[in-house]
Amino acid sequence: MADLRFAGVRKDYGEVRALRGLDLEVADGEFLVLVGPSGCGKSTALRTAAGLEEVTEGSIHIGGRDVTDVKPAYRNVSMVFQSYALFPHLSVEENIGFGLRARGVKPGRARDKVLAAAELVGCEQLLERKPFQLSGGERQRVALARALVREPDVHLLDEPLSNLDAQLRVYMRAELKRLHQNVGTTMVYVTHDQIEALTLGDRVAVLNEGVLQQLGPPDAVYRRPANRFVARFIGSPAMNLFPAERMDGSLHAGPFVFEARPNLPERVEVGVRPEHVRVDEGDQGAAAEVQVVEMAGNETYLHLKASDSPLVARVGADVRPPVGSTVRVSARPADAYLFDAETGETLS
Amino acid sequence: MKSRNWRQLPAALIAAIFLLPLYFMVSGSLRKAGLPPPRTLELLPSPLAWGNYERAFELVDIPRYTLNSLLVVAFAVPLTLLTASWAGFAMARLSRRPAGALIALSLIALMIPLTALLVPRFTIFKELGLINTYVPLIAPAIMGTSPFYVLLFYWSFKRIPPELFEAARLEGLGPLATWWRVAMPLVRPVTVAVAVLCFAFTWSNFLDPLIYLFDQEKFTVPLGLRALATLDRTNFPLLLAGSVAATAPVVVAFIFVQRYFLQEFRGVGWLGR
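Chains as they are written, first to last, in my numbering: chain Z, 1 to 348; chain X, 1 to 273.
Don't read these hints as lab results, they were simulated from the structure.
The C-beta atom is built at its ideal place from N, Cα and C for all residues, glycine as well.
Computed footprint of chain X on chain Z, listed as stretches where at least three residues anywhere in the stretch have a Cβ under 8 Å from a Cβ of chain X: (1) 83–93; (2) 96–109.
Mimicking DSS-like on lysine-lysine, the simulated pairs with C-alpha atoms at most 30 Å apart in a straight line are: (3) Z:LYS130 - Z:LYS113; (4) Z:LYS71 - Z:LYS106; (5) X:LYS158 - Z:LYS130; (6) Z:LYS177 - Z:LYS113; (7) Z:LYS71 - X:LYS158; (8) Z:LYS71 - Z:LYS113.
Input sequences plus hints: build the corresponding full structure.
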């Protein structure tokens, strides 16, 4: 086990800058999730840690050792790929033990380790099969076993659940969490799925355009987003955002009116999460027209239009106003997020 | 099942058309010695003149020529597989621009007629003192025999998801071990195809042995057949008996390896997805 540190890592692909001076520390035994939209540099960061991509500038340290110029095989890291990258011509047992054979581990000892890793992820009954004879979930387990068997310092996981169906993904998410609790190895997990990020990570690192936007526990990232990007990216449906106008000491943001705090910058934006939009059929709050009603099982998403501003409200499953009807919307001042419209930074 | 058999009928007909010359070669070799080729369709001559084979083996040393050809093939085919697959693997692992340049170069090389290289190659081998040896027959294998074989390997390796090579790299394999343990097992049908093509090309190569080999005991099978034609120019059954003896090893080799042609790693497991 070891910690992993990115120190000012920059990665350019020709004219394209994938990482812009990434500074990030993953503690020994931590489960860190790198999350961000497609093309934000999260997979590049993982690949530089694995040594599959050379860094343009900066350095990478594993267990205090500078591994920037060390070949992938000598970094003592494992990687689980999105496509699992199982060798199709080898059996499950040979796939799991591939790295051990490559490193000259004796067959008897290698078999013991393979069995132990297979038991850990629950694929010991599949050892004789070839990858094409496995389901998506089984392949996922084999890929995990192959990563575990060498007992590396750091596990790198590149969107390993994205090829699974929704039900299996939820199950495997819990399995991964359990696995991390059992082995306690440092894990860096890349995903674009914010639910995976929030449920799996000890800490979450949000990336955008190669820049680390925020690093913190899932709860903090959700409740105290560092900027507009994090606020919009984390949370589903996304946070409602309105440009605010100041009138008579108040902030008018879409259908909402809040008391203006002192020392606010010239241009301000106000964000309200869908679950914080109160929907009332009485006469409290601003009028909003119901445009779309989405049933999502245990909750309902209302797509509304109020004061010419679209907004989404997340309400209980039993709240289903008819499309075209008018409801009243309001929000508590404590639930409003203020952002500097110029920089996008959160205003504390 | 019935409709499947019907669908195979056109393929069987086309195969039959291609097999006809082979059939007439065998049936012609069994006609009585000295007879001209039949003017009408003759499915099987009567009586069967097996003596033509005996006579052909008496006139020219077919076993020796066969051994000589086997010797050349034994070096040329494995060497071709080695160098063509190395070159194809290296090209497949290169980034797009240098790989594109090498593909263009291979295609240009493919368009150069072999006859255009005869004189310069002869001069080179003569200067090196390698005339009347098997080296000039085997030497092209060092370059993969044909750019076509290199391109075949390149396209096959390119089909393999790059994550497999990256996974092998992380597990501690170098380029050579990755080529041997990951890439080659995944392109086995192509390897067999290149081996058979190279075998057939080298076995039937007439021009190079004609230019580079002078001693009769070093002759390969195609040169032996030519010697047979020189000895008894109009005895077609005899010539065809020699042709059957020359063709048989290629057909046997193909029958032996044909099952590998059709073997492919099945299902989604192929791409690991």
